[in-house]
Amino acid sequence: MAEAVSNARHFPEGGEIIKCIGVHKWYGEFHVLKNVNLSVAKGERIVVCGPSGSGKSTMIRCLNRLEEHQKGQIIVDGIELTGNLKNIELVRREVGMVFQHFNLFPHLTVLENCTLAPIWVRKMPKAQAEEIAMTYLTRVRIAEQANKYPGQLSGGQQQRVAIARSLCMNPKVMLFDEPTSALDPEMVKEVLDVMIGLAEDGMTMLCVTHEMGFAKSVADRVIFMDRGEIIEQNTPEEFFNNPQSDRTRLFLSQILNH
Amino acid sequence: MTDNVHSAAGAPDERPPSSSVGLLGWLRGNLFNTWYNALLTVLIIGGLMRVIPPLLDWLIFSAHGFGAQATECRVPDSGACWGFVGDKLRFIMFGTFPYDQQWRPLVTIAIFIALLLASCDRRFWKPWLALLWAAGLAAVSVLMWGGVFGLTYVENALWGGLPLTLILSVIGLAVAFPAAILLALGRRSDMPAIRVISVTYIELIRGVPLISLLFMASVMFPLFLPTGVTIDKLLRAQVAFIMFAAAYMAEAIRGGLQAIPKGQYEAGDALGLSYWQNMRKVVLPQALAIAIPPLVNTFISFFKDTSLVIIIGLYDLLGTAKAALTDPAWRGFYREAYLFIGLIYWAFCFFMSKYSQKLERDLNRSHRR
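Just so you know, the protein sequences line up as chains A and B, in that order.
Counting with my numbering, you get residues 1 to 258 for the letters of the first sequence.
Counting with my numbering, you get residues 1 to 369 for the letters of the second sequence.
Everything labelled a hint here was simulated from the structure, so no lab data went into it.
Please read all numbers here as calculations on a predicted model, not as lab measurements.
Incorrect hints may appear among the rest.
25 Å max Cα-Cα, derived DSS-like pairs, lysine-lysine [claimed, not checked]:
id : chain 1 : residue 1 : chain 2 : residue 2
1  : B       : 304       : B       : 262
2  : A       : 148       : B       : 262
3  : A       : 123       : B       : 358
4  : B       : 304       : A       : 126
Pairwise CB distance ranges, derived in the manner of DEER restraints [claimed, not checked]:
id : chain 1 : residue 1 : chain 2 : residue 2 : range
5  : B       : 57        : A       : 148       : 34 to 44 Å
6  : A       : 125       : B       : 274       : 17 to 27 Å
7  : B       : 196       : A       : 24        : 54 to 64 Å
8  : B       : 123       : A       : 170       : 50 to 60 Å
9  : A       : 72        : B       : 138       : 37 to 47 Å
10 : B       : 48        : A       : 182       : 34 to 44 Å
Even for Gly, the Cβ is constructed at its ideal location relative to N, Cα and C.
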């Protein structure tokens, strides 16, 4: 049961960008991640799903060290994540993250939110950073709000700004931690559309989400987690039509039949 | 965006009934809305009528002006004797600073007020403001000490009055503020050693009255120095104030830090900001804005607490006022003396309070969540 069911498949071109080998994590006595092994190729689009408390958010938060793992190896963009702060900062520059609750900086305008990291982390001149920010804000269709503060925007607009803010760092990987869970239903689509556009442009993406429609149409691979383990990973067609394990079948029956 | 669909054919606007608007409405709503409020209103008006006329009489109508002599004021039924303030003004303001050189502390006061006013404008919150402060403080040192540019040397034991109060409080707050930020961050640090040091420092200093800290600085501290080495009394008091203010402000700032959601720290981290960049650009601007009310509270009480230096023999504004009362010619006019310096303290504190309210409003306007 603990053994992950995986079928051999060819990854898209480009080689490996994330590798997890035997990763374990505990919160105190609680064993949140149990022997997670994962390999992500450049350009791959992965959807991570599973019941709440299954460790899926924790897993992707380990990939940019917002959470610390206690055992095993995580290698991102050729750098192993350890206690070394310099390495962690190097990895975080290349890995964008979008949060459930957007986490925009409320004291900065939309534009300043987007230019902060390029200016301070990438040491980019302000004019250039603003130009890039406007490009991405246009791409998420929110350029006209550039000088407003996050508090003046709707949830869907804020999440699109958060995506643009990450993209401004020109990341090699984008992590999405339940990006649509905190949104009103009518705003989910505008955010998913932006994410689909990103996927079509070849961005490497790991997305924790309950949007199974998104998984079916966009993902190269669906990963199912339960109680801290990767139970099954497969192409969306196989995953939804021909689930291999009982737990996957149970989960799918619960989320698809309501 | 906000179309009002009813505007075209809406009902006509009517005036509210006369009993709820205007002076009559205000009186009914605020002073006489219930029988017990009406009773209280009547009682308070009665009380004010008994207190205010004699007070005004003492302050103004029966008072002797700023040119009055003490003997004129000593006739029975006299009001306030502002002649005391007129005669002692320069002593109260400048202490024992050499009389013919007192333009120097006067310019010092002007420099401090100019610096503070300039710092109030958010458009001036740029790196050059720090340079302006450095230049201002250098000018203040030259003016107060002298010994260069043909100014006679004045040792700081002779300093007193308002410049001393301003030096102690403004320099004290300016140094204590960054120290407090470091202490507050240290208290929330992941590094145990730094956390323990910060917590110990804050709790030790907060657990001790300011007076005892001043006594320690003036009496005990010299015992630990090698013989022959002396550190200036004013400097020792200044350091004691800085240590004290830093601990209190650190706790005010910690309150602000705790109010910042974890997601803000994480968003900064995830973008690759270093710890200090994250603090400086993301966390502290929000935390300090939240901490404004308790910080200003500390500023105000600290400004007034500088008057405690009187116990170690420094003559700040309160000290010079008390010393002025020891002049046999003017003995007994303590009400005038304390009212006068009370007014000066009040003017500064009231300004701080008003400014902080404005700052809060401005910051809230742009931070609207």
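*Should the hint that residue 72 of chain A and residue 138 of chain B are 37 to 47 Å apart at their CB atoms be regarded as holding?*
Violated - the Cβ-Cβ distance for residue 72 of chain A and residue 138 of chain B, about 58 Å, lies outside 37 to 47 Å.
*Honestly, do residue 123 of chain B and residue 170 of chain A meet the 50 to 60 Å range at C-beta?*
violated (33 Å)
_Range agreement (Cβ of residue 274 of chain B with Cβ of residue 125 of chain A, hint 17 to 27 Å)_ = Hint holds: Cβ distance 20 Å, inside 17 to 27 Å.
*Do residue 48 of chain B and residue 182 of chain A keep their Cβ atoms within the hinted range of 34 to 44 Å?*
violated (56 Å)
*Hey, residue 123 of chain A versus residue 358 of chain B, does the alpha-carbon distance stay inside 25 Å?*
violated (35 Å)
_Hinted pair residue 148 of chain A and residue 262 of chain B, Cα distance within 25 Å_ = Given pair residue 148 of chain A, residue 262 of chain B holds - Cα atoms ~23 Å apart, limit 25 Å.
*34 to 44 Å as the expected CB spacing between residue 148 of chain A and residue 57 of chain B, which holds or is violated*: Roughly 59 Å apart at Cβ, these two residues miss the hinted range, so it is violated.
*With a cut-off of 25 Å on the C-alpha distance, tell me whether residue 304 of chain B and residue 262 of chain B pass.*
violated (37 Å)
*For the pair residue 196 of chain B and residue 24 of chain A, does the Cβ-Cβ distance stay inside 54 to 64 Å?*
Cβ of residue 196 of chain B to Cβ of residue 24 of chain A: about 30 Å, so the range 54 to 64 Å is violated.
*With a cut-off of 25 Å on the C-alpha distance, tell me whether residue 304 of chain B and residue 126 of chain A pass.*
violated (44 Å)
When each numbered hint is compared with the structure, violations occur for hints 1, 3, 4, 5, 7, 8, 9, 10.
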